[in-house]
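Asks: Listed here are the chains, written in short residue letters.
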Amino acid sequence: MTRSTLSVFSLREVAVRCGVDVELVQQLVELGVIERAPGTEAAFACEVTLRVGKLVRLQRDLGVNLEGAAVIIELLDRIESLEHELRARDAG
Amino acid sequence: MAYKDYYQALGVPRTAPEEDIKKAYRKLARKYHPDVSKEKDAGQRFKDVNEAYDVLKDAKKRALYDQYGEAWKAVAEGHAPPPDAQRAREDFGATGFNPEEFSDMGSVFDAFFGGGRFRGGQRGGWQAQPWPAASADQEAAIELSVEDAFRGGERSVALLDPDTGERRQYTVRIPAGVRPRQRIRLAGQGAKGGDIAGDLYLNVQLRPSGRFRLEGDDVHTVLPVAPWEAALGGTATLGTLDGSVRVKVPSGSSSGRKIRLKGKGYPTSAGTHGDLYAEIRVDVPSELEPEERQLLEQWAAISKFNPRPEDPR
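Each protein sequence line maps, in turn, to chains A and B.
Take the first sequence: its position 38, counted from the start at 1, is 38 in the working numbering, and no numbers get skipped.
Take the second sequence: its position 194, counted from the start at 1, is 194 in the working numbering, and no numbers get skipped.
In case anyone wonders, no lab produced these hints; they're calculated from the structure.
Keep in mind that a hint or two might mislead.
Stated by the list, open to error - FRET-style restraints, in silico, Cβ to Cβ:
(1) B:Glu215 / A:Glu74: 18 to 26 Å
(2) B:Ala80 / A:Glu74: 47 to 55 Å
(3) A:Ser81 / B:Glu18: 55 to 63 Å
(4) B:Pro307 / A:Ser81: 37 to 45 Å
(5) B:Pro17 / A:Glu41: 35 to 43 Å
(6) A:Ser81 / B:Glu291: 23 to 31 Å
(7) B:Gly239 / A:Ala37: 52 to 60 Å
Unchecked claim - Chain A side only, calculated, beta carbon under 7 Å to chain B, not exhaustive:
(8) Glu35
(9) Ala37
(10) Glu47
(11) Thr49
(12) Lys54
All C-beta atoms in this analysis are idealised placements derived from N, C-alpha and C, irrespective of residue type, glycine included.
The task is simple: from the sequences and hints, build the whole structure.
Replies: In structure tokens:
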């Protein structure tokens, strides 16, 4: 995607920025919560830190496990996407 | 500062057993969690609920709070309660504990809470712990009209500063053709997390606009036409995101017919453009001149057109 904001972080950078272990970031990749930036081996779009941060907070604040937090994040994604669609429809 | 009633924050009576306090807290934490909640003041509510629970879950802190109200922190830190703590005492109907009996409240406090465990937080002292964000990178929403998103350009937006919590103007350069759910990154404008200056991301939302609607890469708009233009056809000026164009209205166009203008839609990630769909809407004058009425009545009399086959003419 051509966007002026595109920039990537390494696995370690993501971990440091989110204050978590590298292992957790790796786990999140395996779980499919975050994905590597297209065309890269080990780099992530910088905004994945938002997702990792959200997951960490959900785990910490609501007492859900990793898979539970992952499900919540995916559901939040779907809600967000539906809300965008709804908003577009309202305009018509 | 307004007095904070921790029991009210959790919606429990003052007599609530520990169990009920925990239950109420968990429920409210789910409701107001800033990552989940859609409530407007979720962040503040979540903080309040946590601040309340932090005190009420702890029997000793709760006892101090019951006695001194808001002043409990000062008492616990070794200060004499401010004069209005008496009011709180009266409100709470508490008796017994007299801080003046203690010459060194600090040590009393330490005995209660195991030393300075709660001290020296980011904001120092006994302030409510700010909600730790886990990552210094933050996200906020920015709402744009389809037109503004298409054009891009600089824009000033007012957002809450993640560090101070105060309103601040940010100048944002919006990339032309930015799409809904795309994030605009303001490097270094997020919260401060240790040595890292977090980034602030603005999640783009497109505001409903009466004129244009985005569906994927295609832009939808409405082209109002007069009844004679609809029936006879003609050319009309149509506003697009990229200025006006002349379009051909085919004869016999009823409302709902869509004219497709290839490549006049929204820019795509591949560098091409989606299409523009102009939906024809036949508008009629709200009042008719006598001559217009006469002509229409003539038309009605001679026409075999029947838009509703169920309706015998």
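Asks: Now tell me if each hint is right for this structure.
Replies: Here's how the hints hold up against the structure:
1. B:Glu215 / A:Glu74: 18 to 26 Å: holds, 24 Å
2. B:Ala80 / A:Glu74: 47 to 55 Å: Holds, since B:Ala80 and A:Glu74 (Cβ atoms, about 53 Å apart) stay within the stated range.
3. A:Ser81 / B:Glu18: 55 to 63 Å: violated, 41 Å
4. B:Pro307 / A:Ser81: 37 to 45 Å: For B:Pro307 and A:Ser81 the Cβ distance comes to about 38 Å; the hint holds.
5. B:Pro17 / A:Glu41: 35 to 43 Å: violated, 56 Å
6. A:Ser81 / B:Glu291: 23 to 31 Å: Violated - the Cβ-Cβ distance for A:Ser81 and B:Glu291, about 54 Å, lies outside 23 to 31 Å.
7. B:Gly239 / A:Ala37: 52 to 60 Å: The hinted range 52 to 60 Å is violated for B:Gly239 and A:Ala37, with Cβ atoms some 38 Å apart.
8. Glu35: Since chain B brings no Cβ nearer than about 15 Å to A:Glu35, farther than 7 Å, the hint is violated.
9. Ala37: Violated. Min distance 14 Å.
10. Glu47: holds, 5 Å
11. Thr49: holds, 4 Å
12. Lys54: holds, 5 Å
Violated hints, in rising order: 3, 5, 6, 7, 8 and 9; the structure is consistent with all others.
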